[in-house]
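Listed below are the residues making up each chain.
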Amino acid sequence: MDKPFIIAGKELKGRFLLGTGKFGSKEILRDTILQSGTQIVTVALRRIDLNLNEENILSYIPKGTILLTNTSGARNAKEAVRIARLAREAGYGNWIKIEVINDSKYLLPDNNETIKATEVLASEGFIILPYMHPDLYAARALVKAGAAAVMPLGSLIGSNLGLEMKMMIKILIDEIDEVPIIVDAGIGIPEHAKQAMELGADAVLVNTAVATATDPVKIAKAFAEAVITGRNNYLTKTADQSFMASASSPLTGYLHD
Amino acid sequence: MIEDLATKAKNLTRQYFGRAISLYAPIYISNYCDNHCLYCGFSQRHDIPRKKLSMTEIEKECQTLAATGLQNILILTGESRLQSPVSYIKEAVLAASRYFPNISLEIYPLETAEYHELFLAGADGVTIYQETYDREVYKRLHPAGKKRDYDYRYESPERIAQAGMRHLSLGILLGLTDWRQDLKALFAHLRNLEKKYPGVEYSLSFPRLQKVAGDANDYQPISDQEMMEIIATTRLMFPRVGINLSTRESAAFRDQIFEFGITKLSAGSSTKVGGYNDREGIGQFNINDKRSLNDVKEMLIKKGYDPVITDWRRIGNE
Chain X
-3 MDKPFIIAGK ELKGRFLLGT GKFGSKEILR DTILQSGTQI VTVALRRIDL NLNEENILSY
57 IPKGTILLTN TSGARNAKEA VRIARLAREA GYGNWIKIEV INDSKYLLPD NNETIKATEV
117 LASEGFIILP YMHPDLYAAR ALVKAGAAAV MPLGSLIGSN LGLEMKMMIK ILIDEIDEVP
177 IIVDAGIGIP EHAKQAMELG ADAVLVNTAV ATATDPVKIA KAFAEAVITG RNNYLTKTAD
237 QSFMASASSP LTGYLHD
Chain H
18 MIEDLATKAK NLTRQYFGRA ISLYAPIYIS NYCDNHCLYC GFSQRHDIPR KKLSMTEIEK
78 ECQTLAATGL QNILILTGES RLQSPVSYIK EAVLAASRYF PNISLEIYPL ETAEYHELFL
138 AGADGVTIYQ ETYDREVYKR LHPAGKKRDY DYRYESPERI AQAGMRHLSL GILLGLTDWR
198 QDLKALFAHL RNLEKKYPGV EYSLSFPRLQ KVAGDANDYQ PISDQEMMEI IATTRLMFPR
258 VGINLSTRES AAFRDQIFEF GITKLSAGSS TKVGGYNDRE GIGQFNINDK RSLNDVKEML
318 IKKGYDPVIT DWRRIGNE
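Residue numbers (the numbering used here), protein chains in the order written: chain X, -3 to 253; chain H, 18 to 335.
Bear in mind the hints are in silico, worked out from the structure with no lab data behind them.
Please note: incorrect hints may appear among the correct ones.
[What the hints assert, rightly or not] Here are the simulated BS3-like cross-link-like pairs (lysine-lysine), alpha carbons at most 27 Å apart as the crow flies: (1) X:K112 - H:K68; (2) H:K213 - X:K101; (3) X:K101 - H:K27; (4) H:K107 - X:K74; (5) H:K27 - X:K217; (6) H:K307 - H:K319; (7) X:K74 - X:K112; (8) X:K59 - X:K112; (9) H:K68 - X:K101; (10) X:K101 - H:K212; (11) H:K319 - X:K217; (12) H:K228 - H:K212; (13) H:K68 - H:K212; (14) X:K101 - X:K59; (15) X:K74 - X:K22; (16) X:K101 - H:K25; (17) X:K214 - X:K22; (18) H:K27 - X:K214; (19) X:K214 - H:K25; (20) H:K213 - X:K74; (21) H:K107 - H:K156; (22) X:K22 - H:K320; (23) H:K69 - H:K107; (24) X:K112 - H:K212; (25) X:K22 - H:K319; (26) H:K289 - H:K77; (27) H:K27 - X:K22; (28) H:K27 - H:K156; (29) H:K319 - X:K214; (30) H:K201 - X:K74; (31) X:K217 - H:K307; (32) X:K214 - H:K320.
Please read these numbers as outputs of a predicted model, since none were measured by experiment.
Can you make the complete structure from the sequences, with help from the hints?
This is the structure we're talking about:
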């Protein structure tokens, strides 16, 4: 039996989170959410139309889905804090993915500013899921600041390169017990999602690879299945990985020579 | 070769920007200009009706444009500090910010503190074209006026970035000289800016020169295929940089080329001062894609793209 996947006291059904950017149409987005069974979707506040007309992205997100508003566009902690407060005032709940990016070429998150924003927002009662560069010190600081999960990047946003940061993510998984580790960014194919789960991640968040696929619904389902497979492999230790080489029968030499 | 280039550019654009195209429109608020750019219809040397909108007229333009649904706008003035001082532009930004969440400016080069003042007023981006990076050609085509100072213009993007602006749009006016040389210089300029100001979102524009009446200069026309080469090469060199395409290009050409690198299209545009309420007057350039915002949206949807209208929420610049 798997232990439940819980963020901030809320038990979640699935371990596959979906980003909503880059989709060709909002109808496709809605179908993808429904068909993949994802329970948490992240939406940039900047993309939500205040006027609530028929083009509003929120009207395409099925009821019962947890809205994780992200702070896309924030260049520092102050801006991230302001965006989060605006989201709450607008009635979008208090689940926030902090995304502080001050590098338009690589879109790498600024861990220092992310920690600062987490401190402020967590103290205001927000449920904070920070997107971060997988650095152990930063992860510990985020936990201390009150983050409800830690979301290290697998590789650069939109790169589809997979787990380029594998070893650093593994260290976070091994050392951070207080909150879930969700691999965000860079997951390009279902196999990458499976690998992340086999490594011991609690969940994965995918956007580009689904949104830009020729059949987003189909690939999202494949991702959701890969996440389950990866989780099962992890639980049954079929893919235990070590930083050190190990002989498959270490005692053979002694006993039978 | 060009096919391979185009395919790569299309794939990269889809990977980094998805199936989404942002839409915007310009608002011309003044066409007074102190410059003598030989290629431009708004140049000082042309005896054309000059107009500068009052704040009431600016509000009216905003209302009309906002009613179409657009949210991203570019406020433009001619380059006359006397006729359109920073205080006037600031008032215009404040007025427009009551209607639009996202405002960029295309104005004459300013000092850093002035750019910052406009940033605080609610402008998030600035567009400034070097026109050409060939100093000799630049000198010849800008015989007088403040714009003659190549270096002051070249250094403007740095001042804009230092002022805190989020978006910076650069460009060359295609046709002034050998585009390959200009493109190379533009890339070098951008690369340098990226390193110094990594937090800024950059975009590039490649307007093709439209010859104005009475201009006897020799230019180098750019073919559609060369345009494709320019856009695709830019995408390959800068996968995450935005590329804008204005309505000076025809509808047929825009529909065909946008997938190969474009991230932002203008739509339902007027390049006339006060043009959204008054159809009379002379625009800065001829509009060859006269479709409404809705028509452009429909075209994008038909091609499997999401027309992005809402792309920014004002968060208070400081």
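Evaluation of the provided hints:
no., hint, result
1, X:K112 - H:K68, "49 Å, violated"
2, H:K213 - X:K101, "12 Å, holds"
3, X:K101 - H:K27, "19 Å, holds"
4, H:K107 - X:K74, "24 Å, holds"
5, H:K27 - X:K217, "26 Å, holds"
6, H:K307 - H:K319, "18 Å, holds"
7, X:K74 - X:K112, "9 Å, holds"
8, X:K59 - X:K112, "32 Å, violated"
9, H:K68 - X:K101, "40 Å, violated"
10, X:K101 - H:K212, "9 Å, holds"
11, H:K319 - X:K217, "25 Å, holds"
12, H:K228 - H:K212, "36 Å, violated"
13, H:K68 - H:K212, "40 Å, violated"
14, X:K101 - X:K59, "36 Å, violated"
15, X:K74 - X:K22, "31 Å, violated"
16, X:K101 - H:K25, "19 Å, holds"
17, X:K214 - X:K22, "16 Å, holds"
18, H:K27 - X:K214, "22 Å, holds"
19, X:K214 - H:K25, "24 Å, holds"
20, H:K213 - X:K74, "22 Å, holds"
21, H:K107 - H:K156, "31 Å, violated"
22, X:K22 - H:K320, "14 Å, holds"
23, H:K69 - H:K107, "14 Å, holds"
24, X:K112 - H:K212, "25 Å, holds"
25, X:K22 - H:K319, "13 Å, holds"
26, H:K289 - H:K77, "14 Å, holds"
27, H:K27 - X:K22, "21 Å, holds"
28, H:K27 - H:K156, "37 Å, violated"
29, H:K319 - X:K214, "21 Å, holds"
30, H:K201 - X:K74, "37 Å, violated"
31, X:K217 - H:K307, "42 Å, violated"
32, X:K214 - H:K320, "20 Å, holds"
The structure fails to meet hints 1, 8, 9, 12, 13, 14, 15, 21, 28, 30 and 31 from the earlier list, while all remaining hints are met.
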